[in-house]
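Student: If you want the building blocks of each chain, they are given just below.
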Amino acid sequence: MKRLRFEYETKLEFSQCVTGHSFTLRCTPFSDGRQTISEPVCEISPKLGEVWRSRDSFGNILICGRMDEPHKDFSFKVSGEAQIVNSCGGSGAAAAFYGFQTPLTFPGEKILSFYERNKPSAADVLSRAEELSASLYEHMTYIRGVTGTETTAEQAMEMHSGVCQDYAHILLSLLRIEGIRCRYVSGLAFEFGETHAWVEVHDGVRWTGIDPTHNRLIGDRYIKLCHGRDYADCPIERGIYIGNAGSIQTVSSRITEI
Amino acid sequence: MNYMNTPVADAKAVNELLARYGVKFGIYKNGTFNEQLFPFDAIPRIISAEDFSAMEKGLVQRVDALNLFLKDIYSDGKIIKDGIIPEVFVYISKGYLAPCAEITPPKGIYSHISGIDLVQAQDGTWYILEDNLRIPSGASYPLIARELCRMASPGAFENNRIADNRNYASLLRSTMDHVNCGGINVILTPGRYNAAYFEHSYFAEKTGAILVQNSDLFVENNILYMKDYQGGKTRVGAVYRRISDEYLDPMTFLPESLIGVPHIMDAYRAGNVAIINAPGNGVADDKGIYYFVPKMIKYYLGEEPVLKNAPTYLPFYEEDRKYVLDNLEKLVIKDVSEAGGYGVVFGRDMTKEQLSDWRRLITEQSRRFIAQEIIDFIDLDVMENDRTVLRKADLRAFVLSGEKTQVWASGLTRFSRKANSFVVNSSQGGGFKDTWVLLPE
Ligand SMILES: Nc1ncnc2c1ncn2[C@@H]1O[C@H](COP(=O)(O)OP(=O)(O)O)[C@@H](O)[C@H]1O
Ligand SMILES: [Mg+2]
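Chains as they are written, first to last, in numbering that gives the first Met the number 0: chain R, 0 to 257; chain X, 0 to 440.
Calculated directly from the structure, the hints in this document are not laboratory data. By construction, the Cβ of each residue, glycine as well, lies at the ideal position given by its N, Cα and C atoms. Mixed in with the good hints, there may be bad ones.
Said to hold, decoys possible - List of simulated lysine-lysine pairs, DSSO-like, C-alpha gap at most 30 angstroms:
no., chain 1, residue 1, chain 2, residue 2
1, X, Lys80, R, Lys118
2, X, Lys226, R, Lys46
3, R, Lys118, X, Lys93
4, X, Lys93, R, Lys109
5, X, Lys321, X, Lys56
6, X, Lys56, X, Lys403
7, X, Lys232, R, Lys46
8, X, Lys106, X, Lys226
9, X, Lys70, R, Lys71
10, R, Lys71, X, Lys226
Claimed, not checked - Ranges of calculated distance between the beta carbons of each label pair, as one might list FRET restraints:
no., chain 1, residue 1, chain 2, residue 2, range
11, X, Arg191, R, Glu115, 37 to 43 angstroms
12, X, Gln353, R, Ile241, 48 to 54 angstroms
13, X, Gly270, R, Pro102, 53 to 59 angstroms
14, R, Gly147, X, Thr350, 57 to 63 angstroms
15, X, Glu402, R, Asp123, 51 to 57 angstroms
16, X, Gly270, R, Lys71, 34 to 40 angstroms
17, R, Gly147, X, Thr233, 40 to 46 angstroms
18, R, Glu157, X, Asn220, 43 to 49 angstroms
19, R, Gly242, X, Lys80, 44 to 50 angstroms
For reference, chain X alone in the conformation it holds in the complex:
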């Protein structure tokens, strides 16, 4: 069966619906905030059952190791003492939060919802490009797009062996329930002006969690409560918070935060509420730490990594630095403290002058950058003005850690809308596709 010819909804109609539902995301450009649509392309990415099953093993393994790493770093730091990871990579990472030291989150889970970015090379090998363990967003896009496509052409889903992706809501719900410390589940949003507000309200509706803002919550005696309109209070057992660590609790982190909940960290420390994902996770998805993830898998699980990292060099190590300086024109350079595609530059796009500036910068600030071999990942068909063109695409897989670690049989496929561009981030103008995982024959 040729799935590419499967009738799917008219992308234009779906995009109009997405716009009407307010499925948008926001980007910062030159200091100003712009809301923009995330264009949908109707041709799905298709992943075979065998491919998915291998990927699944690798992702579960990786997320389990990352969770063990976080637990270790915020307690004994054995992996440092055993010389696997130099301590400087951990403690000067922006994501390492000393106020989280010695806190064990409910059930020992730090990363409940992990968004792992992968690309598939021309030879079919999948490579991990990045782990997102803080507030990975985007799961709602393929869900909604599928919902709309299903309405437009139900046949496409009835006749094909495509894994139903509607179980995301129940996965999310059981992830929250698993760590809930007694009380209700809430989703904490910064508010309707946040560009991801649609996703927040969508998940609340689908999981039965209550959508709240900080003013709906308060802490008393190290217990988190939600206010109700009768002047009463309801205990909260789990918070899926969609605000970042720095803004989470003005009593512990940025005092000027107007969207956080004062003393929520005290309730969390006392073991009275689960925070999803745990604060402090940024230390594990730091681009510098990425290099060490395959080592973590061996160290904590005693297993060989199933999924490969892109070949990565740390200029911090002399040998790597030499290689990076000698081969800069064929590598990708990433600033460890940036995200959203902003700190990613390709050596092949640089002028002679820029190359030598970069060499100097890398030598001077060796901990600030990592370098990678360019993965020539596959292009997918994308509709552009009624004809198909080939565009680079990656995949964000969602891994949920509750009672067990599970990979959602779908994912967010992002593609570049510029020909020959390798950067697919939505903030760089990329679009998205639904991801169909096929069921075994």
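Chain R with its partners taken away, still in its complex shape:
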């Protein structure tokens, strides 16, 4: 068991003032069988307009809001304490839709042939997932900037490179070929200064987190923020605004042991 203190902040700087800004944030971690979150606080700036809470179908906590007044920057900061007990992501049934491909995970020729070459041999779900993760880890090279948030698993496989989001999407695609229910997770991990993505696999009883970017089960140094079938289901921040403005985003996170 570990007790961690976390702090996570995203800042958006617009190139000019924007108005009519609506946003949904999935930045507030919630308790499950693995992590117990106490006193999470979310601060949003500037303090304009209304902010409220909601929930989505995947069980995530949403912070929703609207800022009609002009503003040139936007930031949200979450902090709190997490108690991590083991490497499992909580027990209970998994919704059936987690077993099916989405537009981002849909396998093409490249993924299907990779799967044919790397069929796992173990009998149980988790070991099969670990085998697939290991083959993937061997095959891929971690490179920033070659992929984006809309890159599909198949496209990343074709380039055999990408970042944690791409590793996660490919692993989801491979697991779903096997009919295994699995989900995409966004969160924080001890050694990274920003957000991370990994996969949770359901073995019929419980969820277990597996990090294909590092080819290991998630340990007690990971804090989950949200999950869904793929990245598109659960972006940490989604917003729309009026104004022909670009934006620069900076993300920072810090986890310390208590």
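Starting from the known structure of chain R, arrange chain X with the ligands on it as the hints suggest.
Tutor: Chain X with the ligands only, in chain R's frame:
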């Protein structure tokens, strides 16, 4: 009495009026948008009281089962667990929306307004061709046409025992009121450039709902409001939205949607507003799911289906696939992800080469297609250059689910304007007729 000889308005005059009122619809062809008139034919389709009463039973039963199916799919999925429908048909359907899982809409109604397409075979049997549970359009056409005909020849309606179809507005209104969560009713339109804008404004006027665009609405604390000009806000309890699911809420669905209302899904999830029809209904009117509707009726209602499906085969099942491949030249093939008549092809129109291409495609992508026996449905008299010709016609019946499920005693009869063509869709150049349901003697 021979109704065919009943004097009805001069179709030319009515068509001119329709054009003047802006009764149009839009079609996409080769990637460009064209607005076009939906030609009206003055000879009504007539449905006898007995025929209508049987049809009514069947339609109510079908829509009730479809509503139960939607409720089940977005909660426990019992029909899948019980092995009636393979789960793959549900979860890879484009219309299945995971963000709608575990949401129970107000009063548990998903499909408030259902447009069910039927055809009548030569022997008089009615067959269901398709269910439309998302935003079925077209009810305004027979309404307006009747209104115009009534002005032109009031006698035709006074002397004949024809069910008055003007109650559509009150049916629609009570459907909205029934699920309203507190607040006003609004009709959400993408705007005046939408080809169905006329229908949107027409229904708003007839039901007393307020016609709005997304910029008139906003969400705060999971409650939907309409802005008023004084800078105040009015709570909205029900939205009859005429924009499709993908565009409904840019915070949940397509982020690039410019016609949606941000956070409307949060208000809906919280039970603070009814969305008519419910998002996610596309999973139940998917052409692949159509095959299972008679099974749903038995499963949920314990009843035998009153109305028949066209005999349908799913190449997904090996036995069906074999039949389809062996009999392709006499079947209709439909792409499950298409609509508007675009994905419908007849085996008898194919060359040898095309047949073998289709056989390959069906074998490779067995979930993507369904096949049906061709129903030789009846032709109706249509006026063409001052003489009557026979043309294939179908019927879209409108079923409204509020406190109870009711069938509107009228409907949109669509006909093909090409001789021998079975495809009647307006997007394929079809026209329409009023539908007269006769009252019992
Ligand atoms: N089994 C069939 N037999 C004869 N005609 C058919 C059959 N199925 C479809 N059609 C014709 O094709 C049209 C379009 O088919 P439909 O299943 O309604 O698909 P869409 O979603 O494209 O409207 C129907 O309105 C009808 O005119
Ligand atoms: Mg149709």
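Student: Hint by hint, note whether the structure agrees.
Tutor: Consistency of the hints with the structure:
1. In summary, the hint linking X/Lys80 to R/Lys118 is supported, as the alpha carbons are separated by about 28 angstroms, within the 30 angstroms threshold.
2. Taken as a hint, the X/Lys226 and R/Lys46 pair is honoured in the structure, with Cα atoms around 22 angstroms apart against an allowance of 30 angstroms.
3. For the proposed pair R/Lys118 and X/Lys93, the alpha carbon gap of about 29 angstroms is at most 30 angstroms, so the pair holds.
4. As the CA atoms of X/Lys93 and R/Lys109 are separated by approximately 24 angstroms, the hinted pair is consistent with the 30 angstroms bound.
5. As the CA atoms of X/Lys321 and X/Lys56 are separated by approximately 35 angstroms, the hinted pair breaks the 30 angstroms bound.
6. As the CA atoms of X/Lys56 and X/Lys403 are separated by approximately 13 angstroms, the hinted pair is consistent with the 30 angstroms bound.
7. For the hint linking X/Lys232 to R/Lys46, the alpha-carbon distance of about 21 angstroms falls within 30 angstroms, and the restraint holds.
8. Using a Cα cut-off of 30 angstroms, the hinted pair X/Lys106 and X/Lys226 holds, with the two alpha carbons roughly 27 angstroms apart.
9. Between X/Lys70 and R/Lys71 the alpha-carbon distance is near 44 angstroms, which puts this suggested pair outside the 30 angstroms criterion.
10. As the CA atoms of R/Lys71 and X/Lys226 are separated by approximately 25 angstroms, the hinted pair is consistent with the 30 angstroms bound.
11. At about 54 angstroms, the beta-carbon gap between X/Arg191 and R/Glu115 misses the expected band of 37 to 43 angstroms.
12. Under the hint 48 to 54 angstroms, the C-beta atoms of X/Gln353 and R/Ile241, about 50 angstroms apart, fit the expected range.
13. Between X/Gly270 and R/Pro102 the CB atoms are about 30 angstroms apart, so this pair departs from the stated range of 53 to 59 angstroms.
14. The hinted range of 57 to 63 angstroms is not satisfied by R/Gly147 and X/Thr350, whose Cβ atoms lie roughly 44 angstroms apart.
15. At about 52 angstroms, the beta-carbon gap between X/Glu402 and R/Asp123 stays in the expected band of 51 to 57 angstroms.
16. Roughly 37 angstroms separates the CB atoms of X/Gly270 and R/Lys71, a value that falls within the hinted 34 to 40 angstroms.
17. A beta carbon spacing of about 41 angstroms between R/Gly147 and X/Thr233 agrees with the range 40 to 46 angstroms that was offered as a hint.
18. Taken as a hint, the range 43 to 49 angstroms holds for the pair R/Glu157 and X/Asn220, whose Cβ atoms sit roughly 45 angstroms apart.
19. Between R/Gly242 and X/Lys80 the CB atoms are about 49 angstroms apart, so this pair conforms to the stated range of 44 to 50 angstroms.
The structure fails hints 5, 9, 11, 13 and 14 (numbered hints given earlier, in ascending order).
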